[in-house]
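**Q** Just so you know, the protein sequences line up as chains E and Y, in that order. Under our numbering, the first sequence has 520 at position 520, and the numbering climbs by one with no breaks. Under our numbering, the second sequence has 33 at position 33, and the numbering climbs by one with no breaks.
Please keep in mind that the hints were generated in silico from the structure rather than gathered at the bench. Careful, some of the hints might be misleading.
[Stated by the list, open to error] Below, in silico cross-link-like pairs of lysine-lysine (DSS-like), each with a Cα-Cα straight-line distance of 25 Å or less:
no.: 1; chain 1: E; residue 1: K157; chain 2: Y; residue 2: K148
no.: 2; chain 1: E; residue 1: K213; chain 2: Y; residue 2: K355
no.: 3; chain 1: Y; residue 1: K355; chain 2: Y; residue 2: K423
no.: 4; chain 1: Y; residue 1: K94; chain 2: Y; residue 2: K193
no.: 5; chain 1: E; residue 1: K157; chain 2: E; residue 2: K247
no.: 6; chain 1: Y; residue 1: K430; chain 2: Y; residue 2: K355
no.: 7; chain 1: Y; residue 1: K423; chain 2: E; residue 2: K157
no.: 8; chain 1: E; residue 1: K123; chain 2: E; residue 2: K50
no.: 9; chain 1: E; residue 1: K159; chain 2: Y; residue 2: K34
no.: 10; chain 1: E; residue 1: K157; chain 2: Y; residue 2: K430
no.: 11; chain 1: E; residue 1: K213; chain 2: Y; residue 2: K94
no.: 12; chain 1: Y; residue 1: K32; chain 2: E; residue 2: K155
[Claimed, not checked] Pairwise CB distance ranges, derived in the manner of DEER restraints:
no.: 13; chain 1: E; residue 1: P505; chain 2: Y; residue 2: I460; range: 48 to 54 Å
no.: 14; chain 1: Y; residue 1: K32; chain 2: E; residue 2: D156; range: 45 to 51 Å
no.: 15; chain 1: E; residue 1: F234; chain 2: Y; residue 2: Q191; range: 44 to 50 Å
no.: 16; chain 1: Y; residue 1: I454; chain 2: E; residue 2: G491; range: 39 to 45 Å
no.: 17; chain 1: Y; residue 1: L168; chain 2: E; residue 2: T277; range: 26 to 32 Å
no.: 18; chain 1: Y; residue 1: I454; chain 2: E; residue 2: L504; range: 55 to 61 Å
no.: 19; chain 1: Y; residue 1: L168; chain 2: E; residue 2: M246; range: 56 to 62 Å
no.: 20; chain 1: Y; residue 1: A267; chain 2: E; residue 2: A324; range: 35 to 41 Å
no.: 21; chain 1: E; residue 1: E533; chain 2: Y; residue 2: I454; range: 26 to 32 Å
no.: 22; chain 1: Y; residue 1: V450; chain 2: E; residue 2: F480; range: 43 to 49 Å
no.: 23; chain 1: E; residue 1: P205; chain 2: Y; residue 2: N289; range: 42 to 48 Å
no.: 24; chain 1: E; residue 1: E533; chain 2: Y; residue 2: I460; range: 50 to 56 Å
Positions of the beta carbon are idealized from the N, C-alpha and C atoms, including for glycine.
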Amino acid sequence: MHDNGHNSTEHTVENGKKGQSCYQVLTAVFIIPTLAILFFLGILSTEQIKYPVLSTVIFLPIAGALFIFLLNRQNESLIKWSCLVISIANFILSMPLYTRFDKTTANMQFVERHDWIPSWGVKYALGVDGISVLFVLLSALLTILCVTVSWTSIKDKIKEFYAALLLIEGSMIGVFCSLDLFLFYILWEAMLIPMYLLIGVWGGPNRIYAAIKFFLFTLVGSLLMLVGIIVLYFNTGNSFDILQMMKTNYPYNMQILLFWAFFAAFAVKVPMFPVHTWLPDAHTEAPTAGSVILAGILIKMGAYGFLRFNMPLFPEATKALAPAMMVLSVVAIIYGAVICLGQTDLKRLIAYSSVSHMGFVTLGLFALNPQGIQGGILQMVNHGIVTGALFLCVGIIYERTHTRQIADYGGAATVFPIYSAFFMVFTLASVGLPGTNGFIGEFLIILGGFTASNLMGVLAATGVIIGAAYMLWLYQNVFFVETNPKLLGHGYGDMDSREILTLLPLLILVFWIGVYPNTFLSFMDASVQNLIERVNTAGQPQVAQQIIEVIK
Amino acid sequence: MNIPFPDLTPAIPEIIISMVATFLLIAELVAKNKSPLGYIGIATAAIVMYLLPVSRGETFGGMFISDSYSTYFKLIFLINLILTILISLKYIHKEKADYGEYYSLLLFATAGMMLMASAKDLIILYLGLELMALSTYILAGIKRHDIKSNEAAIKYFLLGGFSSALLLYGMSLLYGITTTTDIYKIAQYLQQKETTPVLLLSMSLIAVAFAFKIAAAPFHMWAPDVYEGAPTSVTAFMSVGPKAAGFAVIGRVFYVAFYNLQTDWTAVFIAIAILTMAVGNILAIVQTNIKRMLAYSSIAHAGYALLGVIAGTNEGLNAMMTYLLIYAFMNIGAFAIVILLHKGEEIKDYDGLAKSHPLVAAIMLVFMFSLTGIPPTAGFIGKFNVFMAAINAGYTWLVVIAVIFSAISAYYYLRIVMNMYMKNMTEEVKIISSLALSGAIFITVIAVLVIGIIPSLVII
């Protein structure tokens with residue numbers, strides 16, 4: 001049963017208007033002072049930051065979720081507003097990560113360390129470096145947009161929905177910040193619970209199948225990684241400390257096995273070919289907010305896992321297996337793109353395009369050169385922004401028309417002019433038009449791909465061409481051609497200010513990264529350099545490594 | 001002849017429990033309202049729990065030992081007892097089974113389990129085992145007018161009697177070889193002797209008998225029928241208590257008496273563990289009755305706990321004990337929710353529960369995820385602990401098998417969550433709540449969550 005499908009359009013419009021006036025009043029009374037106070041507390045204070053930034057951005061949403069659980073479920077607007085305020089506050093509180101991040105070092109920053117389970121040597125250890133910091137910020141930003149886009153489209157079990165959303169935010173930020181494998185695993189798995197509910201409860205018609213498939217695929221992968229984690233623990237002198245593991249050299253055969261164990265978890269999340277089949281179902285059936293989180297953050301966690309664990313922990317295995325990984329990536333790029341050509345469902349098409357785009361990301365990572373890895377990380381951010389935005393767009397139009405079939409559209413540009421302009425920008429960013437962020441990422445990756453192997457570079461570049469084909473075909477069929485009579489006569493309105501505000505930040509980011517990527521690339525320089533050294537010097541005898549150290 | 005009076009201090013917990021059980025049996029004759037008897041049982045268990053740390057040592061000519069190992073198990077038994085009584089108070093009244101013997105038998109069974117955990121001699125072990133078993137046979141059939149309950153009791157009795165016979169046979173062979181029934185002396189004796197086929201036979205017979213008690217495959221056949229037929233509160237009690245007691249004696253007998261045969265019994269238990277996880281998890285998928293599903297799930301959990309035994313280290317033993325404690329909370333919690341629903345035995349009864357009773361559904365969700373072993377719940381800590389011990393002992397391949405079955409288990413636990421949250425209500429769900437039942441649910445859910453976040457509370 002899909003509850004969203006049965007409300008008359010009139011009702012939706014009315015709700016929208018009510019939401020509007022409510023919006024303005026509450027903005028003035030409530031939001032502005034709160035934000036102002038937080039702003040002064042967080043950013044403008046010239047002194048040392050007074051709060052543990054990472055713990056705050058992890059636990060504020062979790063505490064917020066508990067707070068929402070305690071609210072009266074009848075009071076829907078209070079639930080929504082508290083969720084919005086919490087997510088905005090969290091974004092503001094995460095700002096020091098942007099303003100005070102030291103870009104010159106590859107060391108972990110904002111580190112927090114406390115004992116947690118002494119008998120197992122588990123620590124509550126948090127920190128970010130150039131690889132993870134952007135994802136923390138992206139998670140905080142996308143959550144706000146998820147709240148605003150769900151404002152009128154979620155009508156059932158509102159309390160649980162917003163609580164689940166905040167729980168997801170807290171745990172996914174935690175995943176990016178963990179410096180302790182045990183903590184990482186806890187958060188990595190804990191996130192499955194609200195995500196499973198998000199897809200299964202508020203999703204489309206086939207949501208139960210999609211939710212279970214998503215959960216089981218991910219769980220199998222994660223559990224294999226768990227075995228790997230325990231093996232790693234005993235070979236690191238009973239420690240879960242990731243930084244210590246990065247300094248340990250494991251025997252080659254063990255590295256290979258552990259690589260596959262971690263690969264199982266991350267490949268499912270990315271998702272890499274051939275374990276990608278959960279993604280189209282989950283993306284298609286999830287509610288808009290769920291799709292945005294899946295595309296924006298969750299699948300990035302897989303690629304992040306490769307960067308954080310597989311490469312620095314098992315460098316020799318990484319070098320040995322990189323060709324295989326690159327082949328899998330190229331297969332995903334081309335396969336995902338070709339499948340897109342045959343899709344009739346808007347969301348499913350974008351979902352399959354994710355498979356293709358994430359193929360680019362893993363290709364860049366396993367090219368194992370600075371361009372490739374930087375491009376890979378940037379493309380992760382880009383994909384989060386662009387695909388997130390595309391899912392938001394689909395959600396916005398679906399709320400009006402209740403159909404995702406491409407054939408049901410046509411000539412939408414005349415009906416929704418503002419909307420079509422936004423969609424155009426994101427389409428072109430997805431294609432990788434110069435001037436948008438997609439271009440920078442794909443360019444770097446293909447550059448890295450060519451450096452590693454000409455064949456891979458060529459094959460990846462064909463993926464870009466097919467990508468342009470399906471995205472432009474999609475845009476043409478939805479927005480141009482002859483106006484579909486189904487779109488007329490319902491009085492569908494164009495985007496309202498809430499929806500424009502939702503998409504605007506992403507639009508700005510598309511051009512910002514497209515025009516001046518250095519703002520973001522500069523974050524990762526030092527960390528990527530460090531990572532590549534770690535991979536390249538691995539396998540050399542200790543003495544040689546020491547000599548290199550001295551030369552440096 | 002002058003027989004010195006034995007030092008009773010180490011056995012005080014057992015003595016108190018048995019005396020109160022006897023008292024309840026008599027008091028039942030005059031008590032009109034049976035609930036106070038239950039409260040007496042809870043109070044007794046609480047007092048005994050408080051006395052556990054002081055009652056240490058050996059007594060009865062070295063036949064009875066109270067050490068940290070037995071104390072931990074007794075803690076599990078007492079928690080099991082308290083929670084079971086809490087969930088029973090209203091339920092057995094509703095099921096028209098509120099005979100005073102009910103509480104008395106629960107206490108007797110607990111005394112039997114405690115005796116098993118403390119047995120340093122095979123005779124005491126057998127005594128405890130029979131006390132526990134006979135009491136639970138009757139409890140399974142306490143719904144006298146219910147044909148399914150009768151069936152459960154007779155089935156449990158026949159198969160239980162069969163396993164007792166095997167145990168006795170194994171023990172008598174062992175006595176024949178070693179000329180003693182003292183577990184520690186058997187160990188000393190076996191240290192000097194070669195392994196003989198008869199010794200292996202006796203070891204296997206004892207292993208089989210204990211496998212019956214923990215409901216490990218292929219000796220699990222009784223569990224689903226008995227769990228389904230018995231009153232739900234008794235099922236909760238049986239799925240935790242006798243299982244934990246079985247593990248307690250496995251630890252004592254195999255780690256001490258058969259220390260020298262470790263390679264042999266490890267092989268036996270590896271086979272049993274793999275089979276148990278396979279049977280439990282795969283058959284649970286097709287169940288439509290939640291009690292049967294939980295029965296198969298409890299079979300599967302015995303398989304995970306066995307990994308700790310297989311590790312063959314102290315660490316493994318500790319992991320197994322922690323696992324059972326955590327299992328007690330989450331399993332009784334799940335059964336408490338089954339009792340809470342007026343009609344909650346079929347899985348489809350849970351359709352749309354999240355809509356009508358959001359809090360109940362949320363709590364059940366916690367138990368289901370905990371049984372699956374998803375963090376941040378206690379179930380994850382239990383599994384993680386066991387896996388860690390097994391990997392440290394070099395059984396990585398076995399853990400890989402275990403995690404694959406663990407992933408399979410997600411399917412049937414999540415099905416309950418799915419029914420609660422993602423399906424629509426077919427008919428109005430009524431809940432029958434009482435203060436005691438809510439208390440039990442509150443205790444278990446808090447325990448599951450707190451242990452999940454602060455595992456230092458339980459890991460040894």
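**Q** Now, for every hint given, state plainly whether the structure supports it.
**A** Tested hints:
Annotation: proposed proximity of K157(E) to K148(Y) is violated, straight-line Cα distance about 39 Å (limit 25 Å). Under the criterion of a C-alpha separation no larger than 25 Å, the hint pairing K213(E) with K355(Y) is consistent with the structure, at around 24 Å. Pair hint K355(Y) plus K423(Y) holds up; C-alpha atoms about 9 Å apart against a cutoff of 25 Å. As the CA atoms of K94(Y) and K193(Y) are separated by approximately 58 Å, the hinted pair breaks the 25 Å bound.
As the CA atoms of K157(E) and K247(E) are separated by approximately 48 Å, the hinted pair breaks the 25 Å bound. Using a Cα cut-off of 25 Å, the hinted pair K430(Y) and K355(Y) holds, with the two alpha carbons roughly 12 Å apart. Restraint check for K423(Y) and K157(E): satisfied, since their Cα atoms lie roughly 13 Å apart, inside the 25 Å limit. Annotation: proposed proximity of K123(E) to K50(E) holds, straight-line Cα distance about 22 Å (limit 25 Å).
Proposed proximity of K159(E) and K34(Y) is contradicted: the alpha carbons are some 42 Å apart, above 25 Å. Note on K157(E) and K430(Y): the hinted pairing holds, with a Cα-Cα distance of about 20 Å set against a maximum of 25 Å. For a cut-off of 25 Å, the pair hint linking K213(E) to K94(Y) is broken: about 40 Å separates their Cα positions. Between K32(Y) and K155(E), the direct Cα distance comes to roughly 52 Å. Violation of the 25 Å bound is thereby established for this hinted pair.
Between P505(E) and I460(Y) the beta carbons are some 51 Å apart, a value that agrees with the proposed interval 48 to 54 Å. The hint said 45 to 51 Å for the Cβ distance between K32(Y) and D156(E), and at roughly 49 Å that hint holds. At roughly 30 Å, the beta carbons of F234(E) and Q191(Y) sit outside the given window of 44 to 50 Å. Range check, I454(Y) to G491(E): about 56 Å between beta-carbon atoms, so the 39 to 45 Å window is missed.
For L168(Y) paired with T277(E), a C-beta distance near 55 Å fails the hint of 26 to 32 Å. Here the CB-CB span from I454(Y) to L504(E) is close to 43 Å, at odds with the stated 55 to 61 Å. Judged by the Cβ atoms, the range 56 to 62 Å given for L168(Y) and M246(E) holds: they are separated by roughly 58 Å. The beta-carbon spacing between A267(Y) and A324(E), approximately 37 Å, falls within the hinted interval of 35 to 41 Å.
Checked against the given bound of 26 to 32 Å, the beta carbons of E533(E) and I454(Y), roughly 39 Å apart, lie outside it. A C-beta distance of roughly 59 Å is found between V450(Y) and F480(E), which places it outside the suggested range of 43 to 49 Å. A beta carbon spacing of about 29 Å between P205(E) and N289(Y) contradicts the range 42 to 48 Å that was offered as a hint. Between E533(E) and I460(Y) the C-beta distance comes to about 43 Å, which lies outside the given range of 50 to 56 Å.
In terms of the numbered hints stated before, the structure departs from hints 1, 4, 5, 9, 11, 12, 15, 16, 17, 18, 21, 22, 23, 24, listed from lowest to highest.
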